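A.B. asks: Okay, here's what each chain looks like letter by letter:
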Amino acid sequence: MTVQDTRPIADLAKPAPARHTTAARSKPVRRLPVQKDWPTWVIVGTQFGILVGIIALWEIAARTGAIDAFFWSQPSAIWHTLTIFFTEGDAWTDISFTFRSTIFGFAIGTTVGSFLGLSFWWSRNYAAIVQPYIICFESMPKLALAPLIILVFGLGLTSKVAIATALTLVVSTLTTYAGVKALDPDGEKLFYSLGASRWQVFRKLVIPFCLPWTISVLRVNIGLALTGAIVGEFIASQHGLGRQILYAGQTYDIALVWVAVFVLSALAIVMYAAVSWLESILRKGVKQ
Amino acid sequence: MPAKVHLDHIGMAFPTPSGTFRALAPLNLTIETGRFVSLVGPSGCGKSTLFNIVAGLLQPTEGRVLIDGEDATGTIGRVGYMLQKDLLLPWRTVLDNVILGMEIQGVPLGEARERALPLLRRYGLAGFEHLYPHSLSGGMRQRAALLRTLLFDTDVILLDEPFGALDAQTKLQMQEWLMTLWSDFKKTVVFVTHDVDEAIYLSDEIHAMGTRPGRVLETIPIPLERPRPRSISMTPAFIAIKEHCFELLTADAGSQQNAA
Numbered sequence: 001m002t003v004q005d006t007r008p009i010a011d012l013a014k015p016a017p018a019r020h021t022t023a024a025r026s027k028p029v030r031r032l033p034v035q036k037d038w039p040t041w042v043i044v045g046t047q048f049g050i051l052v053g054i055i056a057l058w059e060i061a062a063r064t065g066a067i068d069a070f071f072w073s074q075p076s077a078i079w080h081t082l083t084i085f086f087t088e089g090d091a092w093t094d095i096s097f098t099f100r101s102t103i104f105g106f107a108i109g110t111t112v113g114s115f116l117g118l119s120f121w122w123s124r125n126y127a128a129i130v131q132p133y134i135i136c137f138e139s140m141p142k143l144a145l146a147p148l149i150i151l152v153f154g155l156g157l158t159s160k161v162a163i164a165t166a167l168t169l170v171v172s173t174l175t176t177y178a179g180v181k182a183l184d185p186d187g188e189k190l191f192y193s194l195g196a197s198r199w200q201v202f203r204k205l206v207i208p209f210c211l212p213w214t215i216s217v218l219r220v221n222i223g224l225a226l227t228g229a230i231v232g233e234f235i236a237s238q239h240g241l242g243r244q245i246l247y248a249g250q251t252y253d254i255a256l257v258w259v260a261v262f263v264l265s266a267l268a269i270v271m272y273a274a275v276s277w278l279e280s281i282l283r284k285g286v287k288q
Numbered sequence: 001m002p003a004k005v006h007l008d009h010i011g012m013a014f015p016t017p018s019g020t021f022r023a024l025a026p027l028n029l030t031i032e033t034g035r036f037v038s039l040v041g042p043s044g045c046g047k048s049t050l051f052n053i054v055a056g057l058l059q060p061t062e063g064r065v066l067i068d069g070e071d072a073t074g075t076i077g078r079v080g081y082m083l084q085k086d087l088l089l090p091w092r093t094v095l096d097n098v099i100l101g102m103e104i105q106g107v108p109l110g111e112a113r114e115r116a117l118p119l120l121r122r123y124g125l126a127g128f129e130h131l132y133p134h135s136l137s138g139g140m141r142q143r144a145a146l147l148r149t150l151l152f153d154t155d156v157i158l159l160d161e162p163f164g165a166l167d168a169q170t171k172l173q174m175q176e177w178l179m180t181l182w183s184d185f186k187k188t189v190v191f192v193t194h195d196v197d198e199a200i201y202l203s204d205e206i207h208a209m210g211t212r213p214g215r216v217l218e219t220i221p222i223p224l225e226r227p228r229p230r231s232i233s234m235t236p237a238f239i240a241i242k243e244h245c246f247e248l249l250t251a252d253a254g255s256q257q258n259a260a
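Sequence lines, in order, name chains A and B.
Here the first sequence is numbered in the working numbering, starting from 1 and rising by one per residue.
Here the second sequence is numbered in the working numbering, starting from 1 and rising by one per residue.
Because the hints were derived from the structure by calculation, they are not lab data.
A quick note: this is a predicted structure, and the numbers were derived from the prediction, not measured.
A couple of the hints might just be wrong.
Here are the simulated BS3-like pairs of lysine-lysine, each with C-alpha atoms no more than 30 Å apart in a straight line [as the list claims (entries may be wrong)]:
1) Lys189/A with Lys186/B
2) Lys189/A with Lys284/A
3) Lys284/A with Lys181/A
4) Lys242/B with Lys85/B
5) Lys85/B with Lys186/B
6) Lys242/B with Lys171/B
7) Lys189/A with Lys85/B
8) Lys186/B with Lys242/B
9) Lys284/A with Lys85/B
10) Lys142/A with Lys181/A
11) Lys189/A with Lys204/A
12) Lys171/B with Lys85/B
13) Lys204/A with Lys242/B
14) Lys171/B with Lys189/A
15) Lys171/B with Lys186/B
16) Lys142/A with Lys204/A
17) Lys181/A with Lys85/B
18) Lys204/A with Lys181/A
The task is simple: from the sequences and hints, build the whole structure.
C.D. replies: Put into structure tokens, the structure is as follows:
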């Protein structure tokens with residue numbers, strides 16, 4: 001009995017490990033892909049090299065006539081125009097004009113928008129009535145209104161601020177309102193059980209709770225505000241980098257177009273960095 | 001002298017598309033000053049509804065809430081109420097969370113902090129005062145939430161399953177901690193729990209509740225001497241009460257099933 005019993009088991013057991021090993025052999029050996037980080041100087045050096053390469057190629061192409069220097073301009077001419085723009089032109093007036101339009105529009109749009117969003121907490125009825133208008137305004141291409149805004153607010157700074165405000169306001173409103181909607185009703189219950197007034201709930205619960213939402217749109221809004229200011233200057237303005245670009249384009253001063261675009265980009269980077277810094281400071285104060 | 005809390009014929013019904021839903025049958029409940037009273041019952045027996053009514057957060061469809069003999073129906077801020085979640089505000093330190101009640105009542109911040117600080121240290125939150133809630137364990141967060149309720153300085157506090165989400169070990173520690181607080185502060189405590197052992201160990205009196213509609217099945221006095229050692233849960237007296245509670249609750253659950 002025992003002999004008969006063990007034999008089939010042994011027969012069965014034999015091929016099994018054999019199959020196992022062949023299966024293991026046929027399976028490709030795979031290692032976790034590991035990416036090695038290059039040292040910072042290699043990264044920065046490569047970036048710099050690409051930039052220098054582009055400029056050099058551009059200059060060479062323009063000089064050899066591979067591209068038409070009249071339409072594309074060339075780095076040497078741009079550099080020349082840049083120095084004139086800063087030494088003899090009104091670079092600082094234009095920069096300051098665009099900067100102020102952007103910052104004012106950004107500040108007004110973000111502040112008013114955030115408070116508008118927060119205000120929906122006070123009354124569900126009021127929120128229900130106002131919401132369709134907000135959504136309507138959100139989906140509307142606000143830049144299409146720019147000519148009208150210029151007519152109403154004039155050629156000066158006010159109209160640029162108004163366009164930048166129009167672009168940023170709704171974003172802040174809707175984002176802050178999303179914060180209001182995410183509020184835990186039990187949190188309000190806690191406050192009321194402690195005998196709080198609505199104003200106390202608003203100040204001590206709703207505002208600090210929604211602040212991270214408000215902060216999260218700051219960087220988006222600075223970009224939108226700049227776009228608004230530039231478009232305003234395109235349409236009608238006496239100053240500003242946008243006006244400079246338009247004017248240079250119309251007079252075929254392509255080098256000046258490039259100069260204004262580069263200065264504008266630099267301004268955008270500076271403002272973006274400043275807002276990111278502001279955001280990190282605020283976040284430290286809000287969320288621990 | 002009137003009872004600390006008296007629920008006079010309190011009932012609650014909600015209108016639903018398929019007719020009215022009775023959350024609470026009209027019930028009477030008297031809670032004497034300084035006692036530790038538990039409400040035990042299955043989910044849906046209206047314990048939380050009852051708490052919301054006593055805290056003034058919900059208007060009952062009938063009946064009155066009397067506190068110290070005074071009609072307190074629908075008035076907020078009369079009792080301390082700790083909800084199931086700790087609801088600590090993440091942007092405030094533990095200390096500033098704990099003083100929230102005092103702050104809302106208009107106590108100057110400096111004074112409130114001064115009052116709270118020694119209590120935090122005495123009741124197991126030493127070293128955590130200036131930390132933010134996210135760095136605290138579940139037990140520590142519950143402690144902070146409970147101290148916030150206590151420092152609100154009302155005679156009555158309602159605790160809605162405060163230890164429901166804690167692990168067994170922490171739960172036992174917290175029960176003993178709560179006993180210390182209760183004997184130090186001399187408050188009237190109403191405690192909601194699913195855990196019959198917990199209710200018997202902590203309470204002077206248990207109100208066993210049934211469902212559909214929510215109502216009090218029976219009030220069971222707990223004549224066990226205090227302070228109670230942990231080993232008390234092995235004594236025949238304790239086990240007898242526990243058996244009685246289970247009988248009550250299973251009988252109610254059984255009748256529900258038959259009805260359905």
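A.B. asks: So, for every hint listed, does it hold in this structure?
C.D. replies: Checked hints:
{"no.": "1", "hint": "Lys189/A with Lys186/B", "result": "holds (25 Å)"}
{"no.": "2", "hint": "Lys189/A with Lys284/A", "result": "holds (27 Å)"}
{"no.": "3", "hint": "Lys284/A with Lys181/A", "result": "holds (23 Å)"}
{"no.": "4", "hint": "Lys242/B with Lys85/B", "result": "holds (27 Å)"}
{"no.": "5", "hint": "Lys85/B with Lys186/B", "result": "holds (24 Å)"}
{"no.": "6", "hint": "Lys242/B with Lys171/B", "result": "holds (19 Å)"}
{"no.": "7", "hint": "Lys189/A with Lys85/B", "result": "holds (11 Å)"}
{"no.": "8", "hint": "Lys186/B with Lys242/B", "result": "holds (26 Å)"}
{"no.": "9", "hint": "Lys284/A with Lys85/B", "result": "holds (25 Å)"}
{"no.": "10", "hint": "Lys142/A with Lys181/A", "result": "holds (26 Å)"}
{"no.": "11", "hint": "Lys189/A with Lys204/A", "result": "holds (13 Å)"}
{"no.": "12", "hint": "Lys171/B with Lys85/B", "result": "holds (15 Å)"}
{"no.": "13", "hint": "Lys204/A with Lys242/B", "result": "violated (44 Å)"}
{"no.": "14", "hint": "Lys171/B with Lys189/A", "result": "holds (25 Å)"}
{"no.": "15", "hint": "Lys171/B with Lys186/B", "result": "holds (22 Å)"}
{"no.": "16", "hint": "Lys142/A with Lys204/A", "result": "violated (35 Å)"}
{"no.": "17", "hint": "Lys181/A with Lys85/B", "result": "holds (19 Å)"}
{"no.": "18", "hint": "Lys204/A with Lys181/A", "result": "holds (16 Å)"}
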